[in-house]
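Trainee: Chains as they are written, first to last, in the working numbering: chain Y, 1 to 278; chain X, 279 to 813; chain L, 814 to 1143.
Wrong hints could be hidden among the right ones.
Unchecked claim - Estimated spans, in silico, between C-beta atoms of each pair: (1) L:899 x X:548: 48 to 58 Å; (2) X:759 x Y:48: 54 to 64 Å; (3) L:846 x X:422: 40 to 50 Å.
What the hints assert, rightly or not - Here are some, though not all, of the chain Y residues that point toward chain L, as calculated from beta-carbon distances under 10 Å: (4) 49; (5) 52; (6) 83; (7) 132; (8) 133; (9) 193; (10) 197; (11) 198; (12) 241; (13) 242; (14) 251; (15) 255; (16) 256; (17) 258.
Unchecked claim - Negatives, chain Y to chain X, calculated, CB over 12 Å: (18) 34; (19) 54; (20) 62; (21) 64; (22) 130; (23) 142; (24) 180; (25) 181; (26) 215; (27) 221; (28) 224; (29) 233; (30) 249.
The hints are simulated quantities; they were obtained by calculation from the structure and are not laboratory data.
Quick reminder that beta carbons are idealized off the backbone N, C-alpha and C, glycines included.
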Amino acid sequence: MRSISFILRHWTTALGILLLAAVILMALTAHLVFPGDPYDMVGAPLTWPGESADTLLGTDSLGRDMAAGLFYGARVSLLVGFASALVAAIVGVLVGAFAGYYGGWTDDVLMRITELFQTTPQFMLALAVVAVLGPSVTVIILSLSAVSWPAVARLVRGEFMVMRERAFVHGCVVAGMSDLRIIFAQILPNVLPVIIVMSTILVATAILMESALSFLGFGDPNVLTWGTMIGMGRGQLRDAWYIIAIPGVALLLTALALNLVGEGLNDALNPRLKQRKG
Amino acid sequence: MSDDAKSAILLDRRQLLLLGSAALASGALMPYAASAAEGTLVMTINPEPNAMVSAFNTASPVAVISGKMTEGLLHYDFDLKPQPALATSWEIAPDGLSMTFKLRDGVKWHDGKPFTSADVAYSIMEILKQHHPRGRGVFAKVTAVETPDPLTAIIKLGEPTPALLYALAGWESPMLPKHVYEGTDVLRNPANNAPIGTGPFKFVEWQRGSHIILEKNPDYWDKGKPLLDKLFVRIYPEPSARVAAFEAGELHLGGDGPIPLNEVKRFQDNPAFKVETRGTEMNNSLDVLETNLRNEYLAKPQVRKALMHAVNRDLMAKTVWYGLAEILTGPIPKTLPHFYSADVPAYPFDVAKAEALLDEAGYKKDAKGTRFKLRLIYPTVGDTYDRAGQFLRQQFRKVGVELELQSVDVPTFIRRVYGEYDFDLSMFPASVTADPSIGLQRFYQSGAIKQGTPFVNASGYKNPEMDALLLKAAVEPDAGKRAAMFKRFQQIAMEDLPILPLVRPIYVTVANAKAKNFVTGPEGVRSHYATLSLD
Amino acid sequence: MSAPRRNLPFRFIGKRILQAVLTILGIAIINFFLLQLAPGDAAEALAGEAGTADAGYLANLRREFGLDRPLWEQLATFLMRIATFNLGYSFRYGETISTLILSRLPATLLLMATSIVIALVIGILFGVTAARYFNRLPDRLISLVALLFYATPPFWIGLMMILVFSVWLGWAPTGGMRDITAPDGGIAGVFDIARHLALPALTQAFFYLAIYTRLVRAGMLEVLSLDYIRVARAKGISEQRVAYRHALRNAVLPLVTVVGTNIGGFLGGAVLTETVFSWPGIGRLMFDAMLQRDLNLLLSILVLSSVFVVIANLAVDLIYPVINPTVELR
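Full structure from sequences and hints, please.
Mentor: Put into C-alpha cells, the structure is as follows:
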C-alpha cells in the first residue's frame, strides 16, 4: 500500500509538471503552431469540434479557431496569473514577515495598511480598480495583485507570530543573530511550504478571477485570455457549450497542474514531512 | 477550554450540520413546481428599472414598468397612427400651433380621484416640460395648456411641433395626478416609486434586486380589463438565467431581447415559446459608429467612406447579430416607412475600393501593412459590442487600419465621448424614436454640438445645408413636404458620413406559448397590457 | 485552557475598537477619492440609461445630488452622514440608503452563513481525513475533489448546476430567493427559501470548501509531525482523539484567518453567485451602484463592508490565543 501511494504521489507530481509544461509550451509556440492572426475568421461560426478537419476544436461564434484561441490565450492567462501572484507574494511576505516578527507598532502600522486594502471586499476592489482605470491586461494584473497580497500577509504574519515563540528562534536571538537574518534565513524557510501552497493557490485564483472579471464584462477586449473566451461564450452555454467547456477545461487543468506542482514542491521542501514519510 | 464548552460547540456543529442537510434535502428531493396561480403572469425586465414612473427617467426598463400603471393621451398602431387612450379624439389646427384633446370621461386615478384636464396641464407644464429628459426638448415649444373644461385640454405651441404627436404614449409621456405632485418636491415624491396612475395595473410591491408586483386595477375605465389579476416582474441579471427560467416555465414573458441572440433561433423553433420581432418601432435603436471629425484621419471624407466599404455588413449581421439585424442603408430604418428612402449613396463591401480611397487620402501602408491606428470606444452592455468590435477590428485590419478596442462602462463612455471628445470612433445604440426630428436631429445638426450633453452631435459635424434642412423639417406641418425633406437628409447624411450606420438590431420579445397579446402594437412590452393573458 | 491576566482582552478590545474607527475613517476617505477618479458621474450614468438628456437636465441632477458642490464639501457631507448614521438618499433609486441596504442585507447574510457553515463542516472533515490517511487513497480522492472544486470557476459551476438541477431535473428553481407568485410566510415560506437557497449556497460553498480542505490538511500534516503529537500518540491516545482534539486545534490557525477573510469579504465577493442565481443581495447592489456611479450608495456599502471586515479581523485575533495559547494579544 505504501509503495503504491509512493508511486501515485510522484506520478501526480509528474503529471502536474507535465501539464504545466504543456501549457507553457502552448504559450511559447502559439505563433509557430498558428502563424495566422488568432482573431481571424477561419471557418463557419459555431462549428463543433471534430466537425471540420481545419478546426479540430471547432470555431467560436465569430468563426475563429478555438484551438488558436486556446494557444494564444495560454500566454495572457499565464502572464496574468503568474505576474499578479508574484507581485502579491513578494508584497505579502514582506509585510507579513515584518508584522509577525516585530509585533508592536510595526505590526500595528503594517496591519493597518493591510486592513485598508482588505476592508474592501476582494473582488469588489478588483472590480473597482478595473472600472476606474479601464480594463487592460496591466490594470487587471495590478488589480489582482492589489487584492491578493493582504491574504498572504495575514497568513505569513500568523505563521511568524507562532514561529517567533519557538525555541530555535529564541536561541537565535540569544546567539545575537540579526533580525533580518532570523526573518529570512531562519523563520522564512520554515514558513516557505505554507507560502508555496498559498502561491500556487494565488496563481490559480488570479487566473480564475480574471475569468470572473471577464464574465462580468471587465476583460481586456484586445487580447485573448481563456477568461475572455468564457466571457464571450457564456451566451452559448446551452447550444454550443464547447466554447465555454474548452477554455474552462484549460483553466481547470492549469489550476490543477499548479496545485499538483505546488504539492510536490511542498513535499520536497518541507523537512518535517520528509521525516514522516521516511 | 473546558470539556463542557467544547461539547457545546460540537453540539452546535452537529445542529448546524443537520440544518444544512435539511436545506439540501429540501432542495434536492422535492421536485420544484413552477406553476403560476390562475390569472397571473411572470415577466422580466432587464436591467432592473431604477424608478417606477417614466416621467423623470426615460430608461427603457422604467418605460416598460411605468407603461402598465401610467397612461398617456394616445396609443399607436403598427402604422404608427395615433389611437385613443386617455384622449378619445384630437385635432391639430391647420397652422400647427394648437392641439385640442378631448379626454375620456369617468377615468379615475388609482387613489379614486377623477382624472381631468387639470392633470394633463400639470403633467405637461410642470413635470414633462421641466423634468422629463426627452420631454424638455419635445415640449420645448409648448407655451401653455388650456383647460376650457375638465375634459378638454388644448396644447398651445409657439412653433409647429409635428413630432409631438408621436410622443404621447403612457410609457413616454405619462399623465400624473396633480393632487399628488402639486406643492411637493416632485423628484422626491414617494409616488415616483409607488405610482398613482390611471393604468390597468396598480403598484403593490417593489423588492429591489428581486421582483416587482402589480395587481389588477378593478376600477379601470376599460370595463372587464385587465385580464390578468396579477403581473409579476422578476429581475434576472444574467441572460443565461433568463433562458433557464423560460425553459423551466418560471418566466413567461420578456421584451427587448431577454435571451442571448444565439438562443433566439432555438426558441423560435420550440413550440413551447413564441418569439415576436415586432414591437420596437417607436424606439428604433440603431447600432452605429460615430466618427470624431477632430481626428486627423477621420476628418477626411475618403477615410470615412473607406471604412464603410471595408466592412462586410452582411457577414457582420449574420455572425455578430445571428441574422437578427436589419442592415441599414442610412440613418433611418425601414421600420419608419413614411420617412425611409433607399435612394442614397451606398457603400457595398469592397476591400479594393476601400484601399484605393485610403491611398487617395494619402495614407500608405507601412512595412507591417498598417496605415494608421484608431480607437473604438463602446459601452459594456452585454457581449454584442465586444463581438462587433472584434469583428470590425479584423475587417479594418484587412485594409490597413488598426483598431484598439476600449470597452468601458456607461458613465465612462459618456464622459469620454460627450464630455471630453476623447475618442476616435464610438459605437453605441442611437435611438431614432418614432420621429427623426426627435431622434436624429441631435446627431446631425450643428446646433446640437454641446460638450457635456450625452447623445448629441459628438462628431463635430457641421454642414449648413443639413442644418437648415433639419430645422425646417422639425416645424413643417405638412407630412408630404416633411417626408421629402427627410429623404434629402438621408442623402446628405450618407454622403458626409459623420456617422457610419451599421444595423438596426432586432430586439425580440420572448413569451411562453400560452401568453396572448404580449405585442399588440409598436409599443411592444411598453404597452399597458390590459389585454395580456396566460391561458 | 490557561487565561493569563484576565483584563487583557478588554484593554485589547478597547484599543482595537479605536483602531477600527480610524481604519474605517481612513478607508472611507480613500474610497471617496478612489471613486472620484472614476470617469463619469451619476448624472451621466442616468443620462446614459435614459438615452437622452440636455445640459439643463444634467445640471438639475447634479444640483439634486450635491455633485455641484466643492469636493471637500462633498467629503465632509459624506463623513457627517456616516458619523450620524444617516446615510442619505441613493442617486439612482431615489430611496433612502438605509432602506435599500436593509432590504438586501438579509439575503446576503443568509447565503453567507449557509455556505460558510457547509464549507467549514465538510472542509474540516475532508481535511482531517485526508491528513490522517496521508498519501493513501482517501487523501488522494479528497485532494482531487478539492482540487477540482478549486480549479473550476464558481460562476461556471453555478451555471452548470442551474442547467442540471433546474432545467433538466426540475428539482430547484433557477434563481431568486423565493417564489414571488406564492404567498409568503409560514413554514411553507421557510421551505421555499431553503429550496431557492440550496444551489447558490452550494456553489459558494464549493469554492470555500476547496480552500478549507487544503488548509486543514496542510496544517494538520505540519502539526502531526510535531513532537507533542508523537507524545500524545505514544501515550496511547486514540488516532481520532489525536486528530481532532490535539492536532486540529493547532492546525486551524490559517483556517481561522481565511474564514475571517471570507466572512469579511462576503458582502462583495458574492456578486458572481448573486448574478448567476439572481440572488437579491448586497453584492449585486454594490456592483450596480458602481456601474451607475451611485456614489452615496456605493460608499455607504463600502463603509459597511469595512465595518464587517474590521469586526471579522478582530474576532480572528481574539480567537487566535484561544486556539493556540502561545500567541499573545497585544
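Trainee: Report the numbers of all earlier hints that the structure fails to satisfy, in ascending order.
Mentor: Hint check: 4, 5, 6, 13, 20, 21, 22, 26, 27, 28, 29 fail, others pass.
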